[in-house]
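Protein chains in written order, with this note's numbering: chain A, 1 to 338; chain B, 1 to 338; chain C, 1 to 327; chain D, 1 to 327.
Take the hints with a grain of salt, since some may be wrong.
[Said to hold, decoys possible] With beta-carbon atoms standing in for the labels, derived distance ranges: (1) D:Glu189 to A:Ala243: 39 to 49 Å; (2) B:Ala292 to A:Ala243: 28 to 38 Å; (3) A:Gly236 to D:Glu189: 48 to 58 Å; (4) A:Thr297 to D:Gly76: 30 to 40 Å; (5) C:Pro192 to B:Asp229: 53 to 63 Å.
[As the list claims (entries may be wrong)] Some chain B residues judged to face chain A by a derived CB distance under 8 Å, without partners named: (6) Leu45; (7) Gln48; (8) Ala178; (9) Arg204; (10) Gly216; (11) Leu274; (12) Thr278.
Read the hints as simulated data drawn from the structure, not as lab findings. Values in this document were obtained by computation on a predicted structure and should not be read as measured data. For glycine and all other residues, C-beta sits at the position ideal for the given N, C-alpha and C.
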Amino acid sequence: MSRKQTKATPPAAARSRSAQAALPGSTLLRCMLLTQLTEERLVRLYHQGRISGGVYISRGQEAIGAATAAAGGPDDLYAPLIRDMSVHIGRGEPVLDIFRHCLGRVTGPMKGRDGNVHYGCLARGVYPMISHLGAMLPVVTGAVMARRRQGRPAVGFAYLGDGATSTGDFHEAVNFAAVFDVPVIFVIENNQFAYSTPITRQFRCRNLADRAVGYGIEGLAADGNEAVDLYRLVRGLVDQLRARPRPVLLVCDTMRMRGHGAHDDFSYVPRDLLERFTARDPLDLARARVIADGALTAAEVARLEQVCQAEVDAACQQALAEPPPDPATLTEGVYAAG
Amino acid sequence: MSRKQTKATPPAAARSRSAQAALPGSTLLRCMLLTQLTEERLVRLYHQGRISGGVYISRGQEAIGAATAAAGGPDDLYAPLIRDMSVHIGRGEPVLDIFRHCLGRVTGPMKGRDGNVHYGCLARGVYPMISHLGAMLPVVTGAVMARRRQGRPAVGFAYLGDGATSTGDFHEAVNFAAVFDVPVIFVIENNQFAYSTPITRQFRCRNLADRAVGYGIEGLAADGNEAVDLYRLVRGLVDQLRARPRPVLLVCDTMRMRGHGAHDDFSYVPRDLLERFTARDPLDLARARVIADGALTAAEVARLEQVCQAEVDAACQQALAEPPPDPATLTEGVYAAG
Amino acid sequence: MPLAETTLVEAINQGLRRLLRERPEVVLFGEDIGAFGGAFKATLGLQQEFGEARVFDTPICESAIFGAAIGMATQGLRPIVELQFVDFGMTAVHQLLNNAGTMHYRTGVAVPMTVRAPCGGGICGGPFHSEELEAFFCHMPGVKVVYPAFPADARALLVSAALDPNPVIFLENKYLYRHVKEWLPADWEPIPLGVAQVCRPGSDAVVLTYGAMVHEALRAAEQVEQEGAGTVMVLDLRTLKPLDADAVLAAVAATNRVLIVHEGWRTGGFGAELAALVAERAFHLLDAPVVRLTAPDVPVPFAPELERAYRPGADTIHAALLELLDY
Amino acid sequence: MPLAETTLVEAINQGLRRLLRERPEVVLFGEDIGAFGGAFKATLGLQQEFGEARVFDTPICESAIFGAAIGMATQGLRPIVELQFVDFGMTAVHQLLNNAGTMHYRTGVAVPMTVRAPCGGGICGGPFHSEELEAFFCHMPGVKVVYPAFPADARALLVSAALDPNPVIFLENKYLYRHVKEWLPADWEPIPLGVAQVCRPGSDAVVLTYGAMVHEALRAAEQVEQEGAGTVMVLDLRTLKPLDADAVLAAVAATNRVLIVHEGWRTGGFGAELAALVAERAFHLLDAPVVRLTAPDVPVPFAPELERAYRPGADTIHAALLELLDY
Ligand SMILES: Cc1ncc(C[n+]2csc(CCOP(=O)(O)OP(=O)(O)O)c2C)c(N)n1
Ligand SMILES: Cc1ncc(C[n+]2csc(CCOP(=O)(O)OP(=O)(O)O)c2C)c(N)n1
Ligand SMILES: [Mg+2]
Ligand SMILES: [Mg+2]
């Protein structure tokens, strides 16, 4: 009774090792643009009443997923969380499938059985999150352990927010990975808030990277808004972990520049904090960077944006036209057949 | 329907502040002796088939509970764990009640409804543990918060083993206490093993005190076998926490010198490790210390041991003669009456 | 007099406000319940009115939240904690089952704490924001479980829950939060726990239900009656533990046909306990087998088309009633 | 041929050994299960035989253990994890309910993992080492629940559980571990999940039960028959989810009187589901109301005198049967 997985295409970034090392900023920019434009469209669909439930976007945090997704190889495993659409896109999820998913279409990766940020593709090594914060962290840890037994040099990427670091599951998973030397990069996206709760109410350490020493592992604090720099850092880290497997805490400083969900006006966020991060908008930084690095001209950037917008428009239109799941299938596939 | 608590007598050590500061090593020694002799008797009763379930003893770790129990004041709250009989005794639990409890007598503090290490006396501020490792840590944290709102300068003592530091509950509780500046001393008794599992399989940090920085709190590593020194350290710490409330991790190095329970031959423990700690047996150290400090002569120590043994013998005999709970009361008191 | 009808979530807010005002020992905490007023705005304005010491935000750590509440409850406070969604309570049920639920039995010391938990489907929350977990809570000795269906009941039961000396799980149906409204009087009394309520009289069958399904059952019963197929009693249990067994048995005696409806999973759902009670103690009163109408044993699906098929509703209750009346 | 009878715990050890030998994708982990062989010695000798890579100790972290097992199961391994006591599984049930139980429904990817969990009372373990939690597990969509009563069944069902593509909770009664023995053949086949077993024939009543209570029921049925009060069938369910409803209904049809026995709590216990099933689907076959004999809704007490009163046993089952036969 197991339903067919969408045929998995390896993410562009994963196709060759050497291509990766030289990955141009334009690939990261493209991933970030697709993310931003897709999310913008999803918010619109939500406000139009065409998406049920809710919409949770990553505006301001696109660089982290883009950089870390690109830094992984074909055997690596990912467990993205709430604000990680750029991980999905970076690991090969078609924008079309994201629209299908959020619209609850039967054609989507979860066939309409889940929605919102809860998607993924196990055939591509991307685990669909469950909502319970922290709960995915041991899953990706165990998955990496399994792959390595099978002789595949997998590294794991497990994402979580500042708020999720307070859960027991976070602690259990990091300690477990440390004890077994499992190469998992715990990517903590410190976006300054957990819903309405500021980080001062979430933890008392100076930087969450300080937690690493308590697990006997390395903790790195990085700028989460500079995609190219982050990519380089993580790319190097992945090589190190393949050579000497062990977990790492990678704390990326960033900012959630919108509400917790599309329903939230985030009036609790201090304006000066928002302004400080707006000045370092990861998309602006990425645009400026590709131009400064000579990878693209300003005109090419504009063209890229148009291409991405067209892709998003087309995907949205197509997904809107596709069918919802058949209620008659409601009870199918709860169990896998023997 | 709430059953009457045994009338609470404040522990000797708590009666006056100034008395505490000058607490002689002989009080600690007495507490440790009573613990050791009581546990020894319990093991015998177990092997005689007179105690059901199991017996879990603290041999080798008596100093930690004795020192920390003595260091607290009358408002302070305790959540002892598996190897903390000396906390109970130090906080005023009569040895008689311990025998009643372990024998499942209706006269015991839990009226036979629980047994083994699961006892306490809320009227004396000592929480009876549940088995789920880590689960008591937030309880004592909340209890201290409540007392402080009521204007009582409570400090909490929450105990756990090296193994329990791997639980999610440990992490949640310490972080919670840190965020709310709750003065709780998390006393980690690193006795080198969690059942059969050595600490190398439990964590990878150098010392568990390293975890403190990740919570933005202080972490102290102490010798858990030198009762008087530990008492002085904790006594000072308690004063500091009363003046400036905040949690602290206090990691006490020690050794479980017997099996996990009376049923366990602990053949998995390396002999050299055991020998190293046997040379630093906390009871030997405490005996030597009171004599060296001039608090007691060798003859007085011997006399103290006789007195303690007599108290244990009498308590055991009395408890053995007392009745079990009446099965007709089985379903009473599950709920408190409105 | 209020100028508008009061929603379920507003009624809960009123209950909390009254508790905070009248009972200095009441404290509220949970994730985002302070200045923000909670994910569903049940605590709106309470921190502003009563201060941060009484109403405060916590980190994301359900076990520490439950544990701290237990500690506070044993030291003279009456904590009321909010789960952002009941689903997340499953990360910490050991604290409820083992710590809160056994404390009085073991020690004679009461644990007057309340856990407020938004639950249920109907808002396309998907598998992890729509669960109905009352069956788990009802299986825990020492714990009480309340599940109101109407604003007036919610406000008044919440006060009783908070003043009860035992741990109480207070379930709040998310769909009902803003879908059900009533005119509420300014003066009101607490409603005792453990008392069911006949919401609609009837003599040909009874629907035993609670939460959102009460409203679906009322609609279905209305339709059945309009169609002349019979009169159907709707019994809103309101408290699931302790269960008002007398009211259930009286309803069975008065109708002789029983339909049990809930939106939680079928196998081992609370409906099984109701069916067992009826089978054991009202066997001779039955003119037809008891029938359970529940969600299937399936994770709560996201897509509206699937979720509609998943949850019982007036239409499926109506059909089940016709079949039952026709037995 | 074995030289001695095999206990339940030894049978489980044999099942695990066979799995490790025949299935390279099987891995075992949990607390103290390695060189030490586990708290109850169910894994004795397995690390020595199969190495640390296949059989290993973990830190004390049930959620990470379950989570890691889920991760491994989705990547081609067949993890079998041990809870030291089922009680501690409650710290991590969100992983079973939400992650393991929903994975196949959401993604089409199977989660072939098994959780072995010693459970039940009778050894004076007190409130936190004696729980019977099958009702919680049975309420979880996507999860299967197995609960053997005999060594041969345990060995053979464990293999089926481990080879099943779904998450399976495999409950092992601690009291039975060393209290029940059988001669076991050297050659044996797995027993499929979902098939109940008539342990004793009878035509005047049936006891629906599982786990340790099977043995108590057998003793009681024997006594009833010796007393000439009637013949009593004992149906050992063996698998609770999926339940062998056909066997239950056939047993009811053959006997017309039903006693349900388990040592878990009454309210919302698995017996409620059984009673509901019988009430819904075999109402017309009943000559008497179904009767549940269970533990009361009380934390499992420590003192032997209380625990004996708490657990159903041959004596109370006998009394219940006489009453039922006399209805
Ligand atoms: C265990 C658990 N408790 C509560 C929630 C409800 N919840 C969903 S998102 C969220 C805030 C998360 O904050 P953070 O981890 O910082 O991630 P961010 O939203 O900032 O990306 C909360 C409390 C949850 N999903 N899981
Ligand atoms: C959550 C949980 N998991 C498992 C157990 C079973 N268990 C009881 S004691 C123990 C070892 C505890 O080791 P440690 O914390 O170091 O304390 P010690 O026994 O050494 O004093 C284990 C695994 C438990 N009590 N709670
Ligand atoms: Mg955040
Ligand atoms: Mg230890």
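We went through each hint and held it up to the structure:
1. D:Glu189 to A:Ala243: 39 to 49 Å: 47 Å, holds
2. B:Ala292 to A:Ala243: 28 to 38 Å: 54 Å, violated
3. A:Gly236 to D:Glu189: 48 to 58 Å: 54 Å, holds
4. A:Thr297 to D:Gly76: 30 to 40 Å: 47 Å, violated
5. C:Pro192 to B:Asp229: 53 to 63 Å: 57 Å, holds
6. Leu45: 37 Å, violated
7. Gln48: Hint on B:Gln48: violated, closest Cβ of chain A at ~40 Å, above 8 Å.
8. Ala178: 4 Å, holds
9. Arg204: 3 Å, holds
10. Gly216: Given a least distance of 3 Å, the restraint on B:Gly216 holds.
11. Leu274: 24 Å, violated
12. Thr278: 28 Å, violated
This entry does not satisfy hints 2, 4, 6, 7, 11, 12, going by the numbered hints stated previously.
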